[in-house]
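Novice: Need the complex rebuilt from these two chains, each delivered in its own frame; the hints are there to steer you.
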Amino acid sequence: MKKWVLSAIVYLLVVVGGYYTYEAVAGSPVEDPGHSDTEQHEK
Amino acid sequence: MSEKVLESQFQITGMTCAACATRIEKSLNKMEGVSEANVNLALEKATVKFDAAKMGPADIQEKIRALGYDVITEKVELVLTGMTCAACATRIEKGLNKMDGIINANVNLALEKAAVEYNPSILSPAEMTQKVEKLGYGASVKSEDNEKETVDHRLKEIERQQGKFIFSLILSLPLLWAMAGHFSFTSFIYVPDAFMNPWVQMALATPVQFYIGKQFYVGAYKALRNKSANMDVLVALGTSAAYFYSLYLSLRTIGSDAHPEGLYFETSAVLITLIILGKVFEAKAKGRSSEAIKKLMGLQAKTATVIREEKEMEIPLEEVIAGDMILVKPGEKIPVDGEILEGQSALDESMITGESVPVDKTVGDTVIGATINKNGFIKIKATKVGKETALAQIIKVVEEAQGSKAPIQRLADSISGVFVPIVVGIAVLTFFIWYLFVAPGDFAEALEKLIAVLVIACPCALGLATPTSIMAGSGRAAEYGVLFKGGEHLEMTHRINTVILDKTGTITNGAPVLTDVITKLDEAEFLTLVGSAEKQSEHPLAQAIVEGIQEKHITLTHPSAFEAIPGYGIKALVNGKEVLAGTRRLMKKFNIEIEHVSDDMLALEKQGKTAMLVAIDGAFAGIVAVADTIKETSTEAISRLKDLGLEVIMITGDNEQTAQAIAKLAGVDRVIAEVLPEGKAEEVKKLQQQGKKVAMVGDGINDAPALAVADIGMAIGTGTDVAMEAADITLIRGDLNSIADAIFMSKKTIRNIKQNLFWAFGYNTLGIPIAALGFLAPWLAGAAMAFSSVSVVLNALRLQRVKL
Numbered sequence: 001m002k003k004w005v006l007s008a009i010v011y012l013l014v015v016v017g018g019y020y021t022y023e024a025v026a027g028s029p030v031e032d033p034g035h036s037d038t039e040q041h042e043k
Numbered sequence: 001m002s003e004k005v006l007e008s009q010f011q012i013t014g015m016t017c018a019a020c021a022t023r024i025e026k027s028l029n030k031m032e033g034v035s036e037a038n039v040n041l042a043l044e045k046a047t048v049k050f051d052a053a054k055m056g057p058a059d060i061q062e063k064i065r066a067l068g069y070d071v072i073t074e075k076v077e078l079v080l081t082g083m084t085c086a087a088c089a090t091r092i093e094k095g096l097n098k099m100d101g102i103i104n105a106n107v108n109l110a111l112e113k114a115a116v117e118y119n120p121s122i123l124s125p126a127e128m129t130q131k132v133e134k135l136g137y138g139a140s141v142k143s144e145d146n147e148k149e150t151v152d153h154r155l156k157e158i159e160r161q162q163g164k165f166i167f168s169l170i171l172s173l174p175l176l177w178a179m180a181g182h183f184s185f186t187s188f189i190y191v192p193d194a195f196m197n198p199w200v201q202m203a204l205a206t207p208v209q210f211y212i213g214k215q216f217y218v219g220a221y222k223a224l225r226n227k228s229a230n231m232d233v234l235v236a237l238g239t240s241a242a243y244f245y246s247l248y249l250s251l252r253t254i255g256s257d258a259h260p261e262g263l264y265f266e267t268s269a270v271l272i273t274l275i276i277l278g279k280v281f282e283a284k285a286k287g288r289s290s291e292a293i294k295k296l297m298g299l300q301a302k303t304a305t306v307i308r309e310e311k312e313m314e315i316p317l318e319e320v321i322a323g324d325m326i327l328v329k330p331g332e333k334i335p336v337d338g339e340i341l342e343g344q345s346a347l348d349e350s351m352i353t354g355e356s357v358p359v360d361k362t363v364g365d366t367v368i369g370a371t372i373n374k375n376g377f378i379k380i381k382a383t384k385v386g387k388e389t390a391l392a393q394i395i396k397v398v399e400e401a402q403g404s405k406a407p408i409q410r411l412a413d414s415i416s417g418v419f420v421p422i423v424v425g426i427a428v429l430t431f432f433i434w435y436l437f438v439a440p441g442d443f444a445e446a447l448e449k450l451i452a453v454l455v456i457a458c459p460c461a462l463g464l465a466t467p468t469s470i471m472a473g474s475g476r477a478a479e480y481g482v483l484f485k486g487g488e489h490l491e492m493t494h495r496i497n498t499v500i501l502d503k504t505g506t507i508t509n510g511a512p513v514l515t516d517v518i519t520k521l522d523e524a525e526f527l528t529l530v531g532s533a534e535k536q537s538e539h540p541l542a543q544a545i546v547e548g549i550q551e552k553h554i555t556l557t558h559p560s561a562f563e564a565i566p567g568y569g570i571k572a573l574v575n576g577k578e579v580l581a582g583t584r585r586l587m588k589k590f591n592i593e594i595e596h597v598s599d600d601m602l603a604l605e606k607q608g609k610t611a612m613l614v615a616i617d618g619a620f621a622g623i624v625a626v627a628d629t630i631k632e633t634s635t636e637a638i639s640r641l642k643d644l645g646l647e648v649i650m651i652t653g654d655n656e657q658t659a660q661a662i663a664k665l666a667g668v669d670r671v672i673a674e675v676l677p678e679g680k681a682e683e684v685k686k687l688q689q690q691g692k693k694v695a696m697v698g699d700g701i702n703d704a705p706a707l708a709v710a711d712i713g714m715a716i717g718t719g720t721d722v723a724m725e726a727a728d729i730t731l732i733r734g735d736l737n738s739i740a741d742a743i744f745m746s747k748k749t750i751r752n753i754k755q756n757l758f759w760a761f762g763y764n765t766l767g768i769p770i771a772a773l774g775f776l777a778p779w780l781a782g783a784a785m786a787f788s789s790v791s792v793v794l795n796a797l798r799l800q801r802v803k804l
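Protein sequences, first through last, are from chains F and B. Heads up, the first sequence is in this note's numbering, so the first residue is 1 and it goes up one at a time. Heads up, the second sequence is in this note's numbering, so the first residue is 1 and it goes up one at a time.
Here chain B stands alone, though its shape is the one from the complex (with noise of 0.2 angstroms):
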């Protein structure tokens, strides 16, 4: 059976801790037919690559749920018409059933409906109409906002999470009152009868335990169901030793006069109270590292005025399919991307290119989703709808870099994996040196110590450390246009000493221009004829020329004759003067002395420029010069590699002479000049095997060789599709300085990283022994461990302040 290999994510919740998502990946990657499985504990999303004949997103869905998770689907529905009969409603769910990504599709012949349960992450909703009216039928989708529903749900658990903190802090804060007024220091301190009495204590210690603790325990039945711990195995383990030994003390004094002694009531309270502040905190940090993509989508428009059937009507922008023509008034968001059919107007492209000034567009210009009309009437023609769309491309590339795993988190993986087992035996190791042999024969003591270790070396900060860096990082850069493709791209780019720069369209702006008119008769009526003469020419550099004319305001008129003559030039009749273009051996062939002019003709091309004679009736007349101009930015972004310590390389396919007269000008120190489009990525080979770390940066289909060979590939991203597919990293503004913007982001990030893994490994390693020889209360325990995971967190959200 031949391999058909697909790429899904799913939304998982459940997850409290790098155990956990270690464990998922670990068993989705033992699965039959996957062959690969990553899941990213920040994201609580699994990205999942099988074989789709050998299983569907349904039977990784149906593993997850049964390793104790849950995934996250959506559910939409789609009104039905044309149904006569039960088997009309067979086929659709049949057809429906069939789609990669739908998980159950249900249809209701009698409510002519039907019920898809669907993964958003692999089709749309439009996908599915599109489907139904494959097979015959007709269907729109319900509105139903799912995006929101996410929010909300998400929301929602904040907003719980907040709530049990406060009631088990209500019901903490006796205990701990209690606790406070036993120390000789602060034996002055009134304590209520009531909170001194064992049941009491233990009546309010008790919902803390069962009710707000319940998910520490359900997660930790889970995890040893699965044969596996986790944090919340730790964290049950803990609070149960003090609930139940304190249980056990004041249950042995029933009958007698004694009253127990060494209660932990308050310990296991105030520890889950703390370690839920410490979720609350945690949820609402996460929420915020994923404001890249929400802001991303916040661009979208949300409806879109189409016309159908001559009829105009504002749609969802869900339902709006490829060949749709779209009204888009001044002032609206372009809803999807496209063509443009009918008017004029300049477009605000900031918030994808980030390029400032707006754009003037006209008739056969393609326009982006989610730019801005700015003041013009203008008709579109759909052409990218959904997933297909440049801004759904960037957020699915942003999306997926966020999920994606950096090389140094495999480590706290790992480690994190074969933690709790091993923080479980030193506890317990613990617990029986202090019971033997620091403080023989007591328990309490020794329970006390086994207590504070079993919470301090929860691993959750270890496994917060990277991932929300890392999403943290990207989605900033994606703020500045630069798209990081992956985390371990994220990371690689900083270790770059050599960037390769590709010449035309990289460094230049790939299209010829008008550079230099030189002519001894009057100019404007030079260069009208010289216009009017090229404008018949269908060749590039003609129309650099013609381009630069009309620029200078100049009217050109319609020769009265024209003809192209290959490799030499045009020769026109132009209000009846007779106008010569071209080669040096258009002039010889036509016999005009030039010789007077050789010295310009060679000091233009010096400087990369490709000079054009002109003769007028049979008389030498002037010289038009193009060439392909260098970025305005190009110059002061090669300069800041410099800076950078980096060695700047250009490399072309052009002659040397003129690929050494750009790279002056754009301040490259070495060139790499006449090199075959295929011989581009053996030249990035050549500088690997000398030990340099190369970044390639390119734009067209013949650079994508080179962008792939290389340890990280950048494409600029108004270059072709093709050279963004090769590349690790897109540069969406294709202004050079956000190379310079990537490595100093990768930089940011990976200290970033470094700097939370220094903390949470620190938290655990010194607080484990800290704990062990006693220097720890149980609660300072609790405490510690929830300031960790928040520290983590908030470390990494600094990154979204970094300023390029």
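Okay, chain F solo, but in the shape it has when bound (with noise of 0.2 angstroms):
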């Protein structure tokens, strides 16, 4: 269980590092990254 727990968080720790490093590297945010439109989910 414990090996389940510890990969999922590094690979998100990863992901959301990465993600900024990224930010940070290329200097420019990524604006309102859009996951989607409101209406499709309050429809």
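Calculated from the structure, these hints are not laboratory results. Heads up, a few of these hints could be off.
Below are the BS3-like pairs computed for lysine-lysine, each with C-alpha atoms no more than 25 angstroms apart in a straight line [to be verified]:
#1 B:Lys642 x F:Lys2
#2 B:Lys284 x F:Lys2
#3 B:Lys748 x B:Lys396
#4 B:Lys214 x B:Lys302
#5 B:Lys664 x B:Lys642
#6 B:Lys302 x B:Lys384
#7 B:Lys134 x B:Lys295
#8 B:Lys131 x B:Lys387
#9 B:Lys284 x B:Lys754
#10 B:Lys747 x B:Lys295
#11 B:Lys588 x B:Lys642
#12 B:Lys214 x F:Lys2
#13 B:Lys94 x B:Lys134
#14 F:Lys3 x B:Lys664
#15 B:Lys396 x B:Lys664
#16 B:Lys75 x B:Lys94
#17 B:Lys94 x F:Lys3
#18 F:Lys3 x B:Lys284
Label pairs and their calculated CB-CB ranges [as the list claims (entries may be wrong)]:
#19 F:Leu6 x B:Lys113: 50 to 56 angstroms
#20 B:Leu155 x F:Val5: 49 to 55 angstroms
#21 F:Val25 x B:Asp442: 26 to 32 angstroms
#22 B:Val428 x F:Val25: 57 to 63 angstroms
#23 B:Glu388 x F:Leu6: 50 to 56 angstroms
#24 B:Glu62 x F:Ala24: 56 to 62 angstroms
Every residue gets a Cβ at the ideal spot worked out from N, C-alpha and C, and that includes glycine.
Specialist: Right under this line is the structure:
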């Protein structure tokens, strides 16, 4: 069980860390990443 | 070639829904040589009847594996002795491989070991060692607890699914968070930038989709390869549609300033997470529903102290063979069925018979394996070992009942078989209706409805509805000493409206006992003379009289002369007095006046008793009467049956007068008397022709035809093996209250199955239009689907708490 929890957290940190690293290096924050339009989910 | 039909069971892994079970069943039934194949999803077991001349268990196993599933076999290592060359090894290998149930046997001469892969439902390691010994070599089982391995396997699977659930939950939560922040009424929720990024979302959803969700793709591939569809197809289709559509939208925005809209990464991830959660619950509940078997198996002793070559040794239970002398100390379990050779003790047989009072046993008495020796040292001779013991037979009957199908399940099976293709059709239709008419040109909207329909329609609850109830119901009944031999009997029993009870051994104890003593002499002196005279007789009635007198703690002496007069009675000389005991004809023969007691005689006979006249030194001295007594519980049990609205009929070969007397005492209103043994089945048929659903309850070999003909045959467990073989239900306790228990349990189980089917059908039939009309978000559909399976299993588990 620990193995699964640990690997999920590590993976999550790598992805989020990667995003912020890219943002810092590229220098242009990703604006309004737009997961989706609000209307879609409100329907 | 002559047909040799064998029945084998196979433990299957990899089935995910009823459609899988149906597919395997159909494929097996199509095999040449298979006469009947039955697959139970809840037990993950296939029961196959096949012609051994045309095929073997290995062929069936191969077929199941070719369909994309796996068969659990067990492996055992035998330690061999006495081999001198390669030819010996080949001989043992061939001998083992010829045995029914052995998948593969490999003998290693250098290591002096045989590695055997076998089907545990067909044979045991002890039978293999016996076979090797017959071939002229020595063999013993290398200790390996296969049962424990199976349990470990199941526990590992639950743990793995739990791990997968946690993993996908951790990755899905950020996606859910991002989604939650997008509703107007939740706009106050802070969502980190990272979670709003489509590539981050994709990075989080991808391992859930392809690593955790791999099992759905594999399952779907296997199903499609076999030209069928199951719930994996629906899950794989639904989540893939959400994932790939989102991926397409994300890729389309590369190199442009536009941002993707209508992403569904969270839908696919949350769906998979919820379905995995459902599987965790389901696996746990399935484990609990087979508890009855585990409890029964737990009753077995692990080891036995045997005496071989005049040495006491403790050996594993599997190595005990018929004929072994076994020592059982106070407090220990009797390891196998046997006969007492030395010693006496009280045995607690409650775990087998349900009888709470310990039974006194002495030399010559039979003992049942798994019962507890309470207070004395006894030496027994093993008569039945391994799969022959009473406990093993009970386990087998319960397993078979749990694995069998009730007719009501055929309906669910046939529906779930065609369900998936229909659902895919409805989903595609929904998509086009939305895309073309309801929201013209809105691909995302139409896709969302398609996903919701695919997901809500998974028929897993439908597949689980009946087998889980049958398992829980028959398991619970077994705990109360009612063994249903199959799901169909569990279903039929609640329809019974007429119960025919055999008299001797069913309503009564089946053995005559001393009931009345009428004398004007001193009773003790009278009984001493009668008992001592009858002691030499081998007649069952005489034995009943002697036992009855001995129970009164009267010491009997040895007659100095004894003569049995067949058809009349006996004449003996006891303490210098001439004792005559027997019928009226005996008294007449010796000119003894009995006119004055004819009223007493008639009164006794009206009560169904057999009266014996006694004369001492040429003068009438008194009467002793014996009768087959009614079981203590019979009257109450019969009144319970009447309260249930059932017509209770007693059937017997006795004359009308005796039968009426017993019936009156037992509270039975209708009697069919003077029926010849072969006439009982005819009487059952007559009642059936009147439109009645008849249950026949009996114990003897002569009841077997009637038990087989009746809609439900119930055998009293204390009776003969033949009766139990012919019956549909075995009442282990020998107490007629079990009849009402069986009917009650059947009613409860059928009601539970109907509830389950109602819920399962309800989920699917209501869920599909709701999803198609657009009232159900895909993630909600996933949650409802997971909940439906769990609720069905939990409802079935309620049967485990039924009190009789």
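Novice: All hints, please: hold or fail.
Specialist: Consistency of the hints with the structure:
Of the supplied pair hints, the one linking Lys642 (chain B) and Lys2 (chain F) is violated, its CA atoms being roughly 60 angstroms apart against a limit of 25 angstroms. A hinted pair counts as satisfied when its Cα atoms are at most 25 angstroms apart, and Lys284 (chain B) with Lys2 (chain F) qualifies at roughly 20 angstroms. Taking the CA atoms of Lys748 (chain B) and Lys396 (chain B), the gap is near 23 angstroms; set against the 25 angstroms cutoff, the hint holds. In summary, the hint linking Lys214 (chain B) to Lys302 (chain B) is not supported, as the alpha carbons are separated by about 41 angstroms, beyond the 25 angstroms threshold.
This hinted pair checks out: Lys664 (chain B) and Lys642 (chain B) have alpha carbons roughly 14 angstroms apart, not beyond 25 angstroms. Using a Cα cut-off of 25 angstroms, the hinted pair Lys302 (chain B) and Lys384 (chain B) holds, with the two alpha carbons roughly 16 angstroms apart. A distance of roughly 35 angstroms separates the Cα atoms of Lys134 (chain B) and Lys295 (chain B); the hinted pair therefore is violated under the 25 angstroms criterion. Between Lys131 (chain B) and Lys387 (chain B), the direct Cα distance comes to roughly 16 angstroms. Compliance with the 25 angstroms bound is thereby established for this hinted pair.
About 23 angstroms separates the Cα atoms of Lys284 (chain B) and Lys754 (chain B), which keeps this hinted pair within 25 angstroms; it holds. Distance check on the hinted pair: Lys747 (chain B) and Lys295 (chain B) sit about 24 angstroms apart at the alpha-carbon level, within 25 angstroms; holds. With a C-alpha separation of about 46 angstroms, the suggested pair Lys588 (chain B) and Lys642 (chain B) falls outside the 25 angstroms cut-off, and the hint is violated. A distance of roughly 21 angstroms separates the Cα atoms of Lys214 (chain B) and Lys2 (chain F); the hinted pair therefore holds under the 25 angstroms criterion.
A C-alpha spacing of about 13 angstroms is found between Lys94 (chain B) and Lys134 (chain B), which places the hinted pair at or below 25 angstroms, so the restraint holds. For the hint linking Lys3 (chain F) to Lys664 (chain B), the alpha-carbon distance of about 72 angstroms lies beyond 25 angstroms, and the restraint is violated. A hinted pair counts as satisfied when its Cα atoms are at most 25 angstroms apart, and Lys396 (chain B) with Lys664 (chain B) does not qualify at roughly 39 angstroms. Straight-line distance between C-alpha atoms of Lys75 (chain B) and Lys94 (chain B) comes to about 17 angstroms, which keeps the hinted pair within the 25 angstroms bound.
Between Lys94 (chain B) and Lys3 (chain F), the direct Cα distance comes to roughly 46 angstroms. Violation of the 25 angstroms bound is thereby established for this hinted pair. Distance restraint check for Lys3 (chain F) and Lys284 (chain B): the Cα-Cα separation of roughly 21 angstroms lies within the 25 angstroms cut-off, and the hinted pair is therefore satisfied. Leu6 (chain F) and Lys113 (chain B) have their C-beta atoms about 41 angstroms apart, which leaves the hinted 50 to 56 angstroms range violated. Here the CB-CB span from Leu155 (chain B) to Val5 (chain F) is close to 19 angstroms, at odds with the stated 49 to 55 angstroms.
For Val25 (chain F) and Asp442 (chain B), the hinted distance range of 26 to 32 angstroms is not satisfied, since their beta carbons lie about 38 angstroms from each other. For the pair Val428 (chain B) and Val25 (chain F), the supplied restraint of 57 to 63 angstroms is violated, since their beta-carbon distance comes to about 45 angstroms. In this structure the supplied range 50 to 56 angstroms holds for Glu388 (chain B) paired with Leu6 (chain F), their Cβ-Cβ distance being about 51 angstroms. Hint check: Glu62 (chain B) to Ala24 (chain F), Cβ distance near 59 angstroms, so the stated range 56 to 62 angstroms holds.
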